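Chains as they are written, first to last, in our numbering: chain A, 261 to 409; chain B, 261 to 409.
Don't read these hints as lab results, they were simulated from the structure.
As the structure is a computational prediction, the values presented were derived from the model and not from experiment.
Just so you know, not all the hints are guaranteed correct.
Unchecked claim - Distance condition first, Cα-Cα at most 30 Å in a straight line; then the derived DSS-like pairs of lysine-lysine:
#1 B:K301 x A:K385
#2 B:K406 x A:K347
#3 A:K301 x A:K375
#4 B:K301 x A:K390
#5 A:K406 x B:K301
#6 A:K301 x B:K406
#7 B:K263 x A:K385
#8 A:K263 x B:K390
#9 A:K322 x B:K375
#10 A:K301 x B:K390
There are 2 protein chains.
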Amino acid sequence: MRKALQQARLALDNNEVPIGAIVVHGDTVIASGYNQVELLKDSTAHAEIIALTAAYSGLGAKYLMDATLYVTVEPCMMCTGALYWSKIGRIVFGASDNRNGISRFFDLRDAEALKQRQQWPFHPKTILEKGVLATECAALMQDFFKSLR
Amino acid sequence: MRKALQQARLALDNNEVPIGAIVVHGDTVIASGYNQVELLKDSTAHAEIIALTAAYSGLGAKYLMDATLYVTVEPCMMCTGALYWSKIGRIVFGASDNRNGISRFFDLRDAEALKQRQQWPFHPKTILEKGVLATECAALMQDFFKSLR
């Protein structure tokens, strides 16, 4: 997660919403990305999407069952959907985001009930962990939005 | 939608799941895309994503309020999220998809109720229309999956 935070700081340096992500395969970081919505003038250029695209390209594979994505902030619906298609083995996120995160639509504390009703938004085989370095991840976001006011 | 169907046929010619999309701005088709998951070895390379990326790039703008996306099949959760961020003016889709489409998670017939609870997955200003040339759009998909068996 420290490496994902480094990516988030790169976003911050470029006046982007400071979210960063890395993809790890075995012991190796195979891809990284930070939010580039402003730079690319593309509202879908989220850290996770950039990291996933780099991972596919690096591995030459369309699934990432053996990989872990670390991202500093809870994924949005788009990124959750992208992670679903990737069949990624594990997702670790830092700060929660009840405004733009997937938890606006799905209560992540209800995983078992949602899975039983086939309403869990992540891939059924993906392990989800949250709250890792959450304070640091959230502080970056708060500082950024404070600086805009 | 006929032009989106042409895109879907390009996907079919390349042994991809036959889904196509175009983005229209005024009277002009500014972007098009077809599913390229196999070609790019990228499980997120859906027709809508490719068309949106081309539209951002062509317009040099990160929002598409004045544009319409036509897509042959109901968007999945990832594409719905991407369309949310685009703030696109209008989405028209052909065939419904109760397996991979967003309606697996959200009952699209319940738009008003979902909007009131802030649980509508599309952007609140986006107009959604469905069922346009649905039979042709669905037939392409059925033929493709039949050919795989």
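Next on the checklist: Check the structure against each numbered hint from earlier and tell me which ones fail, lowest number first.
Outcome noted: Structure breaks hints 3, 5, 6, 7, 8, 9.
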